[in-house]
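Engineer: Residues per chain, in single letters:
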Amino acid sequence: MARLAGSAVAVTLALLVLPITFGLLGTLLPAFGYLPALGGHSFGLDAFASLFAAPGLIDATILSFMTGLVTTALSLAATLLFIAGFAGTPTLSRLQHLLSPLLAVPHAAAAFGLAFLIAPSGYLVRLAAPVLGIARPPDILIPHDPMGLAMIAGLVLKETPFLFLVTLAALPQIDLVPARRLAASFGYGRIAGFIYLLWPALYRQIRFAVYAVIAYSTSVVDVALILGPNLPGTLATRLVQWMSDPDLTFRFMASAGAVVQLAVTLAALVVWYALERCCAALLRLSRDRGCRFARDAALRQFSAVVIGILGSTVFAGLILLAVWSVAGLWQFPDLLPRDFTIRSWTRALPRMIDPLITTLVTGFFSTLIAILLTVGCLERENQTGRTGGERSLFVLYLPLIVPQITFVFGLQLLFIGSGSQHRYAALVLVHLVFVLPYVFLSLADPWRALDRRYEIIAAALGRSRLIVLFTIRLPMLIRPILTASAVGFAVSVGQYLPTLLIGEGRLQTITTEAVALASGNNRRVIGVYALLQTLLPLIAFSLAAFLPALLHRNRRDMRV
Amino acid sequence: MRLMKKLLAASVIAGASCLKAAAADPDLEDWPAIETAAAGQTVYFNAWGGSENINAYIEWVSAQMQERHDVTVVQVKLDDTASAVSKVVAEKAAGKDENGSVDLIWINGENFVSMKKQDLLLSPGWATSLPNWRYVDAENQPTILTDFTEPTDGLESPWGGAKMVFFYDSARTDPGSLPDNAAQLLDWAKQHPGRFSYPAPPDFIGSSFLKQVLSELIDDPSKLDDPVDEKTFERDVEPLFAYLDQLHDVAWRSGRAFPQNYPDMKQKLADGELDIIFAFNPAEASAGIEAGELPDTVRSFIFSGGTLGNTHFVAIPYNANAREAALLTANFLLSPEAQLRKQDPAYWGDPTVLAMDKLPEENRTAFQSLDLGVATLPPDQLGPVIAEPHASWMDRIETEWRRRYASGN
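Which chain is which? The protein sequence lines are C and Y, in order.
Counted from 1, the first sequence has number 98 at position 99 by numbering that gives the first Met the number 0; the numbering is strictly sequential.
Counted from 1, the second sequence has number 367 at position 368 by numbering that gives the first Met the number 0; the numbering is strictly sequential.
Treat the hints loosely; a few may be bogus.
To be verified - So the derived label-pair ranges between C-beta atoms look like this:
no., chain 1, residue 1, chain 2, residue 2, range
1, Y, F232, C, V10, 52 to 62 Å
2, C, F363, Y, A62, 29 to 39 Å
3, Y, A170, C, D138, 15 to 25 Å
4, Y, G94, C, G307, 52 to 62 Å
5, Y, K230, C, F51, 19 to 29 Å
6, C, P35, Y, S303, 35 to 45 Å
7, Y, S303, C, G307, 54 to 64 Å
8, Y, T398, C, P89, 55 to 65 Å
9, C, S6, Y, G94, 26 to 36 Å
10, Y, D219, C, P145, 29 to 39 Å
To be verified - Among chain Y residues calculated to face chain C with C-beta under 8 Å, some are:
no., residue
11, Y43
12, G48
13, K76
14, A81
15, S85
16, E90
17, E272
18, L376
19, P377
Stated by the list, open to error - Rough simulated footprint, nothing fancy, chain C against chain Y, three-plus residues with beta-carbon under 8 Å:
no., region
20, 178-188
21, 291-301
Keep in mind the hints are simulated off the structure, nothing from the lab.
Keep in mind that this is a model prediction, so the values were computed, not measured.
Think of the CB as a built atom: it goes at the ideal place given N, C-alpha and C, for glycine as much as any other residue.
Chain Y on its own, in the form it takes in the complex (with noise of 0.2 Å):
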């Protein structure tokens, strides 16, 4: 056993000096290299494609990066995460091990994880190594260093904030009416039938709001913090499915068929098919009445007991093509400069990654002078936040959700 202990532990420092010799990996140290390095490489930057605002701002880096770098930025539009590490994998598959053909990925949560055990991510940590972490806020915000409690290890680099927050429309909704936790939720969808849903999972969204729902019912809450432990899961989900059998039965459309994601909740919110909606950016609604989506009677709430929160992040596949400038364009993405603009619902409005006890003065101002808009709730009132459960746990829970509600019985 220790013989098969010692050979295991040879043969990975075997395997991680081999992966040193092979590629030569950019030295974090010497970071002017990089620089020089970088000029003229093109990054391919895979990132969901489906919101313009996102788009718009990514472009802006695009312009920025061949400004400042000589290094072009091209945004490959995914309609789902998934497929970029889709990508690396065949890549894997047909022995593609360098000039990889994803340079960069937007990333978090069971994506990240997936990658990371099947070692499809560029070693070892870099992200704690950028210029700009100086200002990240690791200390207060712990989902920059844990991505759903797999620690990140430096393996992706955060790029910004999320909380989920629930809109309404105030002129369809009585304010005072409105549910302030999960179980008024319930008794809320029950008074108005048909005018509350969520988007099926493993749609990102829905699969938040079933963990929501789970933080607050489990017995333990203290559970979700490690892997799903096989022996009690049936019991542990059983107050989530109790809770959904009831909301399906007065959801929308009784429950036989969900929203796709968030804007598609947020047209029906328009369309006045939904009352209540959600979103895990709280300037989403402040942005939609901007681009004539909502009306300007949408307002946010929170439930003040908590809501879920976590951080997106970049990471670099172990085969991209443009290393260095991957490396530089990450660094930018956390400048506060590309974080202020983040934050600026005008453009995405975002919640920053970083600490504003960090930064040079004038870059606190300007983040504080934001127009956060009439919807977006101020960060002080966002109440606390919950921790992404272990990301075992989004799985199982998927698993089951399909098993019980989309088997088609």
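Only chain C is shown next, with the shape it has when bound in the complex (with noise of 0.2 Å):
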């Protein structure tokens, strides 16, 4: 057993550290001017040369930078006001229920979807058309504004509701009663004493998740395209164009890009420890002052104003969607479609089979392997005592917070390199690389807050590990175990880029289909399609909710 854990641990860092280190290495040959099959020998800086005379690149980087940077300020300031104001309270347990399916709605659904309401043909103005009596769309440049706005909404909406869970996640850990006493007894508002007992102890369990949410969203390639500015688009869009020109010389640029964005996201993630450090020392000063905070009744409400917002926006672009995808002729200022039809559903679905079928056994497998490792891993802890700190966490979040871009085109070369036909167990091991982070980051923390007493008490009638773990542990935590899957499941399916470039385009799943028919920009089959990528995750956290409370139905406190 313990050499089972043991080497669960083993494969699990190589999972994560040698993908990586190889794509890594894929992508830096090239841009420091060696990739031989295109006339590359030579070690050199060429490419940074032409890379640093293309136009815009500036512009791009700071736009990259700033996204980055504001998403994440604007999402966790959202999250840490709301769960400040209301941990504890039945108006948090009411909202983790609404919330956590936008955990399932992937990033670019939820971008066309807000693309649809705010646009300036966009529901928002059809509602106000017949009140200010516009006949005609308002030329404003929105979405695609330069400074990125729309596209930091869009990112928002999304990364809110996964600070927001990862947060609920690591909420158990603190003493939140006795803390509200005491705060409330010196006479702190609800948020301040908050933020003064408990928000230190809390942000450092969730700090990796935050630079995960700064690394995506300074490199995210789908929400820029749709919401982001184009002239110049960000670091990333430019990055795909150019590894994607025919001109393969831009493949050098490209590899080049790829460095910069790693830097730039290096930067982001530097800016944001100083950051975290000036708000700490903030913080301290405001605790010494005895800042109390009394009256936050308004800022409370905001917050939940805000986090209502986010949700019904996404919940309201969901809903454009559906209509969309059975929409005939729908024209400005129309509220609903001249006619409906079902023709997009009826041709989509015969050939939706394949991809959906890749979609479920690449999900399946990807997240069974890492909940098995992930199990692994987390026993291999209790046995030793030691959780490998911080160092350890890095290394987990380390797929997260590189920049997707910067080492899948290495490893795709790498696939191919290797001749392996073994396309399918492939594309399972690059989306494991992916899902494993996300599942052990959602299972670790439920794992170490459950009560070890109960396992040293069968271990004290003699039981063996192995039975301890079948018979206590993993029963008692079913229900953290069928979310983490179900995490991972949802990750699974929203991969896009990993799944082009390893499944070579044969490959197909949901959301290939679904960006590559989005290039043709028909509304109908975007509806349709983001859709069926929103409803798999979604089936999987209804599976993960549902299925725990059918296992205890005759365990009363087993139910939550």
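Combine the two chains into a complex, taking the hints into account.
Structural biologist: Okay, here's the thing in structure tokens:
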């Protein structure tokens, strides 16, 4: 058993570190001029020279950098204020059930929904049109505004639920109720009390998730394409353009650009780290001065409104997607289509069977392996009593913090170079690189939070470790395990770039199909695929919520 | 110097013979043998997947190939043809010279030129040896033998024609006010600020618009037949960019953003954001009306002085796995039956590459009795064809465009 768990740790480390190392190498070599197939035999800085000569590179870089920081700051602030104001109240647990499904909505679908809502020919203007007497859509630059505000809004829509749920998962580890009482008895406001007493410990647990948000939003491609400025686009979108440019010499430039992308993400992380320090100092100052912020009811309500708007925007977007998927002719400023047709669905459904099977199989196996490895690693923790600390946590977050496009292209070269025909296996492995951290992240806290005395008693009664694991720990943790599986599955479903590159287009998933069809910009088809893309993870989350209730139907205290 | 040339020639010949020896190329003289070898093979057809109509057409091709030749055709849906090129490049980089993952690519223009130059295509030229080549209109459609002035050398087989056509909504726009050339289009745009735009290059349709304007405004259009002359390039494109500078001031979103591609413009025409749009397929508007995406008041028009036209092709990468089946598929795509369905707006609506006078009587009648749809101009009203400039122009213009308009200033 010990050996098994030990090897799980080794396999996990290898799975996380090796693909990134090789992938980065496959990107770095061409960046410095080495890619023999394209005539690059010697090392040099030519690629960087042509990269820096590319028009608008500085703006693109600044845009990526700022987007990452602003998105993260807004998402974290919304999460923090709401949780500080409402932790331990019924409002929070009600909202938790409403917000969890938001995690299942793929980024692209949420972005499309938002675009349908806020564009000049979108639904908000249509609603206002009769009142304001608008007959033609106004000529206003939304989305694609040069500051990237629409893109930031789209990212905040998706990242806030993520941070929200990560924070909720960490919440049981802090002593909420006594701290609340203590703060209140000294006359502190709910938010101030929470931030002074609990936030430092809480933030320590979620900081890597925050870093992942920074990395994601500095290097995101699909949301940036749908909502972001396109003159110039963000650095990441331009990288993808260069990588697929028919002029093959752009490959070197793209690789150099990937290195710059890495630097941008790292810079954003460093600046964020500095901000963390500043905020901590400010917090200490304000705490030591005894600022109580006793009257924070307005702020609390404001945070509730913000979360409410975020949630309802995503849902409204999904409803719009649904209506578009069955729309016939739907012209501005009509509030509803002139006629409805299910043609988009009847055309799409028969074609979806193969991609659907690939999606399900890949999602199932990568999640299953991730769960097994995670359980192995966590069990190893139990045995050794060491959590591996921040360093191992960092390794775990590596695939989320290193921007995808900077190492997936190198991985593709490696895979093709290996001459391997096991494309399915390769796809599962690549998905695993991204699924594993999320599964671990979801499962680790509940795992560590479980009272170990149950196991100690069982061990004292002479049960082996394996028996204890299977009869005590796993059944007690069935709900978090299933939730982690649902998260893992959702992550797998949403993977675009790795699926495209490693599957070489031959393995199609709902997501690769959706993005290919989105390039046709047909709102009806986008509606169909975005809904399907949302539906799959949603089913997984529903199962995760429903199964434990079923399994525990005759154990009253296990119900949640 | 002469020695160098000789050495070079020798190495080319050696290289060519090497290639032949290494991979058993299908013998195009022996078509039945190709058919036999193709049976049971799977063709991974890399084609843009952004249009449901086109995807459905390819599914029909797949069903036909299965039934007739026991060949499985799988469409690999791309969001950009360049990514298929990238895949072949990556395979070459990794030394995968056989069993490549791409068997057939829908291609033209710079993607073709790029693959040709990098020796990424199945050679020697096979297209002209296909049995159905005898129907192809190589004489009257010059773009079948030269793709963006680059000789196709039989390395790609024609699949369909394209011609730039403009669309407007007759319920909103008076047909009498429509422009008849690029200069009038600019005047029209000034009178209707915010109601005209074009997709940002490198989108294919957007780049085509730039080439159309350049063809009309350049001092000597014959310059476009040759590669860009760097010495005169600045001066040659000056009229184009002077035009665009003026256009952008009055364009949709004042030229600070551009539509993504043709389908995006189509949606914006339906939304009333744009009043004049254009496509590279004369039947697009009829298809849009048919699909409920455009109101049935949309109509077409062209510039009487001519608009750009070209041909799109299918090509086979040098390391294709199912070469025989790919050849068979390319041949089927040229058959009168497949071309007829392709020109039918109910399925696709793309102009055929076949010559009517080479077809058997019954096929000719079928083509002539096609209902092209209410918004489609009949072939004889499509106006003259302006040939595509040499592929190098596209690159340089796109770069120049990005430098001027996409640098964030």
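Engineer: Next step is simple, just say for each hint if it's right about the structure.
Structural biologist: Against the structure, the hints come out as follows:
Look at F232(Y) against V10(C): about 57 Å separates their beta carbons, and that is inside 52 to 62 Å. Under the hint 29 to 39 Å, the C-beta atoms of F363(C) and A62(Y), about 30 Å apart, fit the expected range. About 20 Å separates the C-beta atoms of A170(Y) and D138(C), a value consistent with the hinted range of 15 to 25 Å. A beta carbon spacing of about 57 Å between G94(Y) and G307(C) agrees with the range 52 to 62 Å that was offered as a hint.
Look at K230(Y) against F51(C): about 26 Å separates their beta carbons, and that is inside 19 to 29 Å. For P35(C) and S303(Y), the hinted distance range of 35 to 45 Å is not satisfied, since their beta carbons lie about 53 Å from each other. Distance hint check for S303(Y) and G307(C): the Cβ-Cβ separation is about 58 Å, which falls inside the suggested range of 54 to 64 Å. Here the CB-CB span from T398(Y) to P89(C) is close to 60 Å, well matched to the stated 55 to 65 Å.
At roughly 34 Å, the beta carbons of S6(C) and G94(Y) sit within the given window of 26 to 36 Å. Separated by about 38 Å at the C-beta atoms, D219(Y) and P145(C) satisfy the suggested range of 29 to 39 Å. At its closest, the beta carbon of Y43(Y) sits 6 Å from a beta carbon of chain C; the interface hint therefore holds under the 8 Å criterion. Interface hint status for G48(Y): upheld, as the beta-carbon distance to the closest one in chain C is roughly 4 Å, under 8 Å.
Because the smallest distance between the Cβ of K76(Y) and any Cβ of chain C comes to about 4 Å, under 8 Å, the interface hint for this residue holds. With a cut of 8 Å, the hint placing A81(Y) at the interface with chain C holds, because the nearest CB-to-CB distance is about 4 Å. Below 8 Å, beta-carbon pairs count as interface contacts, and S85(Y) has one with chain C at about 5 Å; its hint therefore holds. Among the interface hints, the one on E90(Y) holds; its C-beta lies about 6 Å from the nearest C-beta in chain C, closer than the 8 Å criterion.
At about 5 Å, the closest approach between the beta carbon of E272(Y) and any beta carbon in chain C falls short of 8 Å, and the interface hint on this residue holds. Checking L376(Y) against chain C: minimum C-beta separation of about 23 Å lies over 8 Å; hint violated. The criterion of a C-beta within 8 Å of any C-beta in chain C is not met by P377(Y), whose closest approach is roughly 25 Å, and the hint is violated. A count of 0 residues in the region 178-188 of chain Y with a Cβ less than 8 Å from any Cβ of chain C is obtained; the coverage claim is therefore unmet, three being the minimum.
For the region 291-301 of chain Y, the stated coverage by chain C is satisfied: 4 residues place a CB nearer than 8 Å to a CB of that chain, which reaches the threshold of 3.
When held up to the earlier numbered hints, the structure conflicts with 6, 18, 19 and 20 and fits the remainder.
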